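> Keeping their order, the protein sequence lines are chains A and B. Per the working numbering, residue 115 is the first one in the first sequence, and the count goes up by one each step. Per the working numbering, residue 943 is the first one in the second sequence, and the count goes up by one each step.
If you are wondering where the hints come from, they were derived from the structure by calculation, not from laboratory data. Keep in mind the model is a prediction, meaning the values are calculated, not measured. Just so you know, even glycine gets a beta-carbon here, dropped at the ideal spot from N, CA and C. Check before you lean on any hint, since a few could be wrong.
[What the hints assert, rightly or not] Selected chain A positions facing chain B (in silico; Cβ < 7 Å): (1) ALA118; (2) GLY123; (3) LEU132; (4) GLY134; (5) LEU142; (6) MET158; (7) ALA207.
[What the hints assert, rightly or not] Here's a subset of chain A near chain B, in silico, CB distances under 8 Å, partners left out: (8) ALA119; (9) ALA151; (10) LEU159.
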Amino acid sequence: MIWAAVLIGSLGCYLEKLFGFILPPSLLDRPMIRSVAALLPIAMLSALVAVQTFGSGQSLVIDARLAGVAVAVVALVLRAPFLAVVLAAAITAALLRATGLGA
Amino acid sequence: MTPSPKGSKRPITSSALGIGLATGAYGLSFGAISVASGLTAIQTQTLSLLMFTGASQFALVGVLGAGGGAIAAVLTAWLLGARNGLYALHIAPTLNLRGLRKPIAAQLTIDESTAMSIAHEPIVDHSRHAFWATGISVYVLWNIGTLLGALGASAIGDPAMLGLDAAIPAGFLALLWPRLRDRTAWAIAAGGATIALVLTPLTRSGVPVLASALIAVLAGYRLRDRS
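Next comes chain A alone, as it looks inside the complex (with noise of 0.2 Å):
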């Protein structure tokens, strides 16, 4: 099922670039697609960020995870690289599990 998931998504991802190479602009140069494009990123990605912070199977819990997170926003406050940001988060989470504070 994950080299389903891998080569299928991966096909797909290939082809909506291929598209704006091949087919007639008229097609996809529409304000609606633009704008929609243009959006679904912002809406799925902050989607993403809530459902790994506080899901858990079909619950919400609050962990970890979360002060992870917090400092993750400080260190992008203060223009931290991606590596760093994404190092941030995880080491404030491992800490705070290694000391019991956190599960």
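Assemble the complex: chain A is given as a structure, and chain B must be docked to it using the hints.
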């Protein structure tokens, strides 16, 4: 196309390398997070080689890792990758490609290569160089980063003890952050997060994130004449 003076493209090449190095660091975290989400190192590397669009890759492994299933994971990745098609549409006239270069350029059409190409649009020759240099640099370094991250995470133990489960939302947040440029973007982000959290207890995993796409469709419909 007029020939440019020798060396004038060098600054573009070095920016392209710099962007590639920064993206390689993203690749490192993608590799580690993907393996922590349950993919093998080979599956992880295949994503970076074939899918090659960061947000979709992170989303695919995030949804799979959370138990959302293959269909939701694939749909989420596709929706996030739709913007690349519009990038291609925008840069196609400048690149003016023939033959085999078209399918190769398609694979390299991502946020970074498009932004660099557009930034140098006034000079066609420079704009083309910016696209290819950035695309190739990011492709190579993203894949090297992925490999190192995946191998590193395979070598170490429990993802939760290492805080990798907190690295996943932090990664999505870092991808989202530069897009939060105005009040509309913040409102859409808030709407997407709210829908996803409300639906989490009510639907199977993977559905809440897909449902958040509705916010983008509704807002895109209302804002269609503004873009």
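> Under the constraints set out in the numbered hints, which ones does this structure not fulfil?
none
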